[in-house]
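J.: This is what each chain is made of:
There are 2 protein chains.
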Amino acid sequence: MQFKLTSEFLDILKENINTKNSDQTYDLIKDLHPADIAEILGELTSEEATFLYLLLDGEKAADVLTAMEDDDREHLLNRLSTDELARHITDNLDSDDAADMLMELPEAKQDEILNKISNTEQASDIVDLLGYDENSAGGLMAKELIKVNENWDMMKCIREMRKQAEIVDELYYVYVVDDDNFLKGTVSLKRLIISRSNAKIKNILNADVISVRTDTKSDEVANIMEKYDLVSLPVVDQIGRLVGRITIDDVVDVIKEEAEKDYQLISGITVDIEPRDNALMHTRARLPWLLIGLFGGILGAQVISLFEENLKINPSIALFFPLIAAMGGNVGVQSSSIVVQGIAANIIDLQSMSKKLLKEMLVALFNGSILSVLIFCYNLIFTDSFVLTITVSVALLTVIMFASIFGTFVPLVLHRFKIDPALATGPFITTVNDVMGIFIYLGIGRLFYSILQM
Amino acid sequence: MQFKLTSEFLDILKENINTKNSDQTYDLIKDLHPADIAEILGELTSEEATFLYLLLDGEKAADVLTAMEDDDREHLLNRLSTDELARHITDNLDSDDAADMLMELPEAKQDEILNKISNTEQASDIVDLLGYDENSAGGLMAKELIKVNENWDMMKCIREMRKQAEIVDELYYVYVVDDDNFLKGTVSLKRLIISRSNAKIKNILNADVISVRTDTKSDEVANIMEKYDLVSLPVVDQIGRLVGRITIDDVVDVIKEEAEKDYQLISGITVDIEPRDNALMHTRARLPWLLIGLFGGILGAQVISLFEENLKINPSIALFFPLIAAMGGNVGVQSSSIVVQGIAANIIDLQSMSKKLLKEMLVALFNGSILSVLIFCYNLIFTDSFVLTITVSVALLTVIMFASIFGTFVPLVLHRFKIDPALATGPFITTVNDVMGIFIYLGIGRLFYSILQM
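Here the protein sequences come in this chain order: A and B.
Going by my numbering, the first residue of the first sequence is number 1, and it counts up by one from there.
Going by my numbering, the first residue of the second sequence is number 1, and it counts up by one from there.
Just so you know, the hints here were simulated from the structure itself, not pulled from any lab data.
As the structure is a prediction and not an experimental result, all values here were calculated from the model.
Be a bit skeptical, because a hint or two may be false.
Since copy identity is lost for identical chains, a pair holds within one copy or between any two.
Unchecked claim - Straight-line C-alpha distance at most 25 Å; calculated BS3-like pairs for lysine-lysine:
#1 Lys14 x Lys359
#2 Lys109 x Lys256
#3 Lys20 x Lys261
#4 Lys202 x Lys163
Modelling step: build the complete structure from the supplied sequences, incorporating the hints.
T.: Next comes the structure, spelled out in structure tokens:
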């Protein structure tokens, strides 16, 4: 029942496409779900994808377009005629999907398509949606929804819904408004089905409805839908009039994207890329952080050269450079990632910053002490120099303390200044802690060597 | 309309709880959404939480329990009597929430509660659910669903649905089965509302229904629901009989948890912790990877001591230890995270392993060359020793190549052996690449110094 894309299937499909064998190509994909076809299109070149796409009939083609990944779709859209796109939009697309799609096109092409949409109401809905910030509730919502007046009774309500239901794909709630279109509540479909037909909408509605404004940020929308377990969320304007609704499937995408973005930042990847993107795109996505790493390494070299005299006298101090640098980096990444996760989960604001730093210092003190004692024991046994033994342990504890405070502090400060705290995870924290770690280590070393040996 | 938890609110609430002021405490929370109360409970000590919880009436109390975080709930559950819990379950909980809850209790207490549930059918549903693996479709599903027989007409269907709807919280689809309970299709509520009342279910059902088996893994369930934009997914047994359904809100939790787990692994945190957990829990969650880092650092020291003679003659080679170690670590983390994300998104299997490694090598070659040239220029200007200049550049390229191949290879191999590839991200990759990087650097250094200087 469920389709699994294999490289064998792809090979056969590509062969049929490349020999322009329409019938066989169509046979291969005609029974597949639009989401599966979208997945396949992502694996084809854009010529191949266009050939296959043009074999699909209207409704399926539109569903496939909606299900595609953004970059795959962009390539395909640019190969389709504006007439074709306008027809798709008129016949088969919800306003939010249509707006998402248009956003990927150059403005001239957008205008051309909008002017070709035969349904003016739909065109104006789409224009409205295009005006909202992509990362806001307005950018996520669809205008299509089923709304009923609070003064209607069930019978009228059902009659009206039958009319309206034509234009709505998914239907979970019916929104209730007053004569001025102010949102008054919702009626769940379950409620509609189990209520008697003479009931007034006013009397069966759930007035305790959670809504967001068009300018609510996407991640907040996601947090709200997740927290309150909602499948659909009404969107109102500044004064409370109903303008659209967001469904859970759009929010699942937001949740995934947020998580992926944070994950890529902590792993030092600056641009949104996917495994199948080509080598050049990967190079570009990874180079920026590596350049910062290189810069950090050069700084590290300069720090060490400040202490070159000490190093010449006691070259064995270099033995523990990797240890000190690695521990600083690891601790910093741990601390910063905890902060970033807390901020993402919206649970970070309850404690004051000083309290958070205090706890972080306590954790660092525990871990640092344990690790310092362990390396102390190791060095006592395997290292000849007692000064080095002491230096490594004291420096390790200090570096861990520093790295954890720094790793906590920086993302918190970024967050306070409304900058994405995830920028301070991964390579940034590692690089700074590397350099600072070496500096602390060599500084402590110089001090101890001068006190204990001279 | 929307509640925002502040520390001021918490302080007032705690004061009222600690002075055992039931009325005022209740007044503070009585109008809040269960999800908000659940959030508040998470910020209280377990005595405080119990006091507050016992003020809630049955249905709200059950909703709060369902909305709570697992660990918060576990503490609370252990303070409630088995009578209370049995009453909750009978009156207000879906089978899947009840099973999730019982799973958190010791077996003796589970049995006690199950025996106190007055509704035998419900008790047996829960026992069934407890038998499934937590990370499978069976563990995610609820038994409560609305099903109708394919031979009924719409009128009978609506009548039956009204009866069944009592026990179902959320209602998106009606499942259609034959006389032997085999899943035949679904009817969307939208369809029901817009169809004429004399239509036969058989004729309006959507037979092209996507379902999973009870033993389908949670992450696959999440991928399927996300890919096909489903809000509800029927679960069948090995031969196709309908046994339950999974709703999108449960799957959103799975998606979040998967993402958090991967994020914690890449940041070197081994146990699922939250920012508000205490310092000791944080220490325990972070120590394991730091120990591995320490061990790696010791290995690094031993590698360097192998080359101690060279270091004594050319101490300036130590200047670039941090650079080499950091670049190896960064590149390794980038490569491994790309693989992990690809595996999570289910798009990794289409290319052969050799193709993936080849592309990775190409990326490494691009980035490595750019970085090597840059550091070469830097060293030409700022470093006296040409041998060192050459050594650093050649070593950097080699280390980047090694780290990226290693970072790609290890998670792929883990995945092939059904081990979570995310284990190979973060500190593990960094540590290995640190040590190997230093080894490669010093090895190349020894070679070049012996060729070029002797």
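J.: It remains to establish, for every hint, whether it holds in the given structure.
T.: Going down the list of hints, with the structure as the test:
Proximity of Lys14 and Lys359 under a CA criterion of 25 Å is satisfied inter-copy only: 22 Å between copies versus 58 Å inside one chain copy. For the homomeric pair Lys109 and Lys256, neither the shortest alpha-carbon distance inside one copy (30 Å) nor that between copies (38 Å) is at most 25 Å. Proximity of Lys20 and Lys261 under a CA criterion of 25 Å is satisfied in neither setting, with 39 Å inside one chain copy and 46 Å between copies. In this assembly of identical chains, the alpha carbons of Lys202 and Lys163 lie at most 25 Å apart whether taken from the same copy (21 Å) or from different copies (24 Å).
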